[in-house]
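Undergrad: Quick note, the sequences are listed as chains A and B, same order. In case it helps, the numbering used here puts the first sequence at residues 1135 to 1246. In case it helps, the numbering used here puts the second sequence at residues 51 to 161.
For the record, the hints were derived by calculation from the structure and aren't laboratory data. Don't be surprised by glycine CBs; every beta carbon is placed ideally from N, CA and C. Certain hints may be false.
[To be verified] Distance ranges between label pairs, derived from CB positions: (1) A:Asn1187 with B:Glu67: 35 to 41 Å; (2) B:Leu161 with A:Gly1231: 34 to 40 Å; (3) B:Lys63 with A:Ser1174: 19 to 25 Å; (4) B:Gln104 with A:Ser1186: 42 to 48 Å; (5) B:Glu64 with A:Ser1174: 40 to 46 Å; (6) B:Ser159 with A:Gly1150: 16 to 22 Å.
[Claimed, not checked] With a cut-off of at most 25 Å between alpha-carbon atoms, the simulated SDA-like pairs for lysine to any residue come out as follows: (7) B:Lys72 with B:His60; (8) B:Lys107 with A:Gly1193; (9) B:Lys149 with A:Gly1193; (10) B:Lys102 with A:Gln1233; (11) A:Lys1202 with B:Lys65; (12) B:Lys149 with A:Asp1151; (13) B:Lys65 with A:Gly1175; (14) A:Lys1190 with B:Lys65; (15) A:Lys1205 with A:Pro1216.
Listed below, chain by chain, are the residues.
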Amino acid sequence: GESVGLHLPTLSVQEGDNSIINCAYSNSASDYFIWYKQESGKGPQFIIDIRSNMDKRQGQRVTVLLNKTVKHLSLQIAATQPGDSAVYFCAENMLAGNQFYFGTGTSLTVIP
Amino acid sequence: AAGVIQSPRHLIKEKRETATLKCYPIPRHDTVYWYQQGPGQDPQFLISFYEKMQSDKGSIPDRFSAQQFSDYHSELNMSSLELGDSALYFCASSRRNEKLFFGSGTQLSVL
Chain A
1135 GESVGLHLPT LSVQEGDNSI INCAYSNSAS DYFIWYKQES GKGPQFIIDI
1185 RSNMDKRQGQ RVTVLLNKTV KHLSLQIAAT QPGDSAVYFC AENMLAGNQF
1235 YFGTGTSLTV IP
Chain B
51 AAGVIQSPRH LIKEKRETAT LKCYPIPRHD TVYWYQQGPG QDPQFLISFY
101 EKMQSDKGSI PDRFSAQQFS DYHSELNMSS LELGDSALYF CASSRRNEKL
151 FFGSGTQLSV L
């Protein structure tokens, strides 16, 4: 499969601070990316997505940045809350295929 | 809103037995995906179906097979189970080329 990986396996932040989770992908043909949040024992939950024709997309408290030059994706969470504690995965896809590949997750812990 | 429904939620089997996992996608979603997730690992893509036809294949063992039926539900059949098959199995559905929605998963334990 394609290789999608994260730089940091764990991240601890103080409540109220901003969090940044990074992801590197290897397939330059990938053109659709999604960030998922997974809590223990639950299925991945969609957070935000971005297509390759965009560099940035914002949601509620979250922003995804895409740098196609260096094949890098990041998820920024503003004013991190204890409920944000979870494992975060990035997933990549080529629109020509029905297969999303997940990278190694980053475990985010929010310290109250 | 309706979500992806998977059954059973938990399944315990012994080595060399067979198991069948079921998935009911969100209505009007035309694509179904199966993923396997071991403890502390990322979800591994197994197989996908688009409009009831197999679309893409990932790291699915030959002992496993899957199909999608006329009502769009999908089943993952696993034979000759091994200890290493113990994992969370997720089904996801989507409209083609759109974001995936995941079910709650089936926790398979092979003893």
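Undergrad: Hints first: check each against the structure and report whether it holds.
TA: Going through the hints against the structure:
| no. | hint | in the structure |
| --- | --- | --- |
| 1 | A:Asn1187 with B:Glu67: 35 to 41 Å | violated, 48 Å |
| 2 | B:Leu161 with A:Gly1231: 34 to 40 Å | holds, 36 Å |
| 3 | B:Lys63 with A:Ser1174: 19 to 25 Å | holds, 23 Å |
| 4 | B:Gln104 with A:Ser1186: 42 to 48 Å | violated, 26 Å |
| 5 | B:Glu64 with A:Ser1174: 40 to 46 Å | violated, 26 Å |
| 6 | B:Ser159 with A:Gly1150: 16 to 22 Å | violated, 40 Å |
| 7 | B:Lys72 with B:His60 | holds, 12 Å |
| 8 | B:Lys107 with A:Gly1193 | violated, 32 Å |
| 9 | B:Lys149 with A:Gly1193 | holds, 15 Å |
| 10 | B:Lys102 with A:Gln1233 | holds, 15 Å |
| 11 | A:Lys1202 with B:Lys65 | violated, 45 Å |
| 12 | B:Lys149 with A:Asp1151 | violated, 28 Å |
| 13 | B:Lys65 with A:Gly1175 | holds, 23 Å |
| 14 | A:Lys1190 with B:Lys65 | violated, 48 Å |
| 15 | A:Lys1205 with A:Pro1216 | violated, 30 Å |
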